[in-house]
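Protein sequences appear in the order of chains A and B.
Numbering-wise (the numbering used here), the first sequence opens with residue 1 and increments by one.
Numbering-wise (the numbering used here), the second sequence opens with residue 259 and increments by one.
These are calculated hints, taken from the structure and not from any lab test.
Don't take every hint at face value.
[Said to hold, decoys possible] Okay, the calculated beta carbon distance ranges per label pair: (1) THR17/A <-> GLY451/B: 50 to 58 Å; (2) VAL196/A <-> GLN378/B: 40 to 48 Å; (3) THR147/A <-> ARG402/B: 46 to 54 Å.
[To be verified] Interface residues of chain A toward chain B, partial, derived using beta-carbon atoms under 10 Å: (4) MET1; (5) LEU18; (6) HIS51; (7) ARG65; (8) SER84; (9) LEU95; (10) ARG138; (11) ARG156; (12) ARG180; (13) ARG202; (14) PRO205; (15) THR241; (16) ALA243; (17) ALA245; (18) THR249.
Cβ atoms here follow ideal geometry from the backbone N, Cα and C, with glycine treated the same way.
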Amino acid sequence: MTWAAFTSEWTKLRRPTLLLSTFLGLAFAASLFVVLMFSQATAHGGIVTLHQLAQPNGLVIGVARASMLLGVVAFGIAASQVASEYSLGTLRQLLVRQPRRAVLLAGKMLGTITFLVLALCFAAVIALIVAVVAAHSRGVPTSAWFTGTGLGDMFRELGDLALATIGYSILGMALGQFVRSAVFAVIVGFAWLIAVENIITRIVPSTEQWLPGASITAVASGGVEGVGYAHGMILGAVYVTVAIAAAMTVFLRSDVTA
Amino acid sequence: MTMQQAMDRTDESPRGQLAVSTTGLTKRFADRTVVDGLALAIPSGSVCGFVGPNGAGKTTTIRMLLGLVRPTSGSGTILGGSISEPASYLDKVGALIESPAFYPQLSGRDNLKALARLGQLPLAAVDPVLERSGLLARAGDKYRSYSLGMKQRLGIAAAMLASPRLLILDEPTNGLDPGGIVEMRGLIRSFAGDGITVLVSSHLISEIEQICDYVVMIRAGRLVHQGSVGELRAAQQPQFIVAAERDADLPLLTGLLQEAGCAVTPRPAETAVLVEAPGLGAADLNRLAASGGITLRQLTESTRSLERAFFALTGTASADVPAGQEMGAIR
């Protein structure tokens, strides 16, 4: 039954406008980060140095730096996918065909998560190709990128990015479930991830390791200063579990009057 | 008619059993009681009109039947399944709830495919329902490009997707032009011909009268009446429009009618009166007028309509929900 809800969700997600805008949009954003990073890098400074880019993990530095942006976009798309079922009124149609609400929500979540993870993988592949081209244009040696260590770094980073995307997507869907308005969900989510967490962290730096956005970003980047990878992973999992439980509880209990 | 009477009647009918049956169905939103102790008994195989003014609680009742809204109290069964477990019967139910709602960017066909996949229905069922609702030629077009009538027909097609035994249509003619309304009527009648029980709600009583053989009337969330349309019409007191040849005779005529036990209501801006004459026919009224030396210019029996029956049963002259009993946006 969850599979039926999953395939139904994919019928909606694979429409050309959403598919192309998400896949190409994420690929453009990730590639832009890579291009900017390579173009700004110098021997002694910039966002990163040319020497850092030549290291085994140089291939994925750009994609890793774009993780916050990719995550925010994933969050917005996931939130709007759930909330728009309320604003369009389509939820009542769906619930007549699948009255088991937990099954419906699980199928929708799985559908949206796979869609966004695939979009992220596509964006990452494009960004990696752009990184190779940019390296050649800046004269950055790439031999270390394709060693066992380099490829290991690449797959580990892509795995972390996928985990972070799942986290952002679930938080986005949960928020969409609570606010039931696509626009409001995206605004609230973006404001929290981009502005509110930054402000809180600047005022009380010790809170950084307890914030949901910061913990998921730490996972995406393999750990950041102030929030370690393992800590981000555990806290992120807690936030995601609470978000799923809360969204499910609200969905199971609420009247559908939209 | 009480629920028990309705059950007795329908149990004797060839249809045999009730498609929808509720007892004490109630829904409260905060301090507002939107549906109040509703006892429905809708026979299988009927085309049942669900009538009430805007704000009467029709849509909320339908949402409770479909498991979208949880009843505050009460119980019921649909096609033998309890309304507390919608999954036990919704695979045999099709529904169009309020305005049709689909994904604007998807074609009509893809919208139905999404629903078919969700309900684990064969995708091969999509084109036949599109054809039946007259949308096959435009099935590949995006939903957002559809006219209101086409959207409504796609809603009907979606409701038919599961080959339902019960079809619930909430205000299916809303926003349609006269041609679209006639088409929709034809479509609904064709479902009845297939043996599907149809529950169709409307605030337009005249609309219901044309397509239904059974009617449930509610007002302010409470059941006013349910029973067959024919019985309801037959039970009405005859009403006549009566006018004297000379306008000056109208007061005398009114007096004679009232003495004979008739209820006389002046018709605004007219010299005729509306007469409710229990046990009297047109000939009796004519004789009564002649006994007073009055010649009648007009003596017309007015049509026995559901609308009249509704107002008679509710004791009101207006379809509006009384002030203080309005349900706001929730119907």
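Any hints from earlier that this structure breaks? Give me their numbers in increasing order, please. 1, 6, 7, 10, 11, 12, 13, 14, 15, 16, 17 and 18
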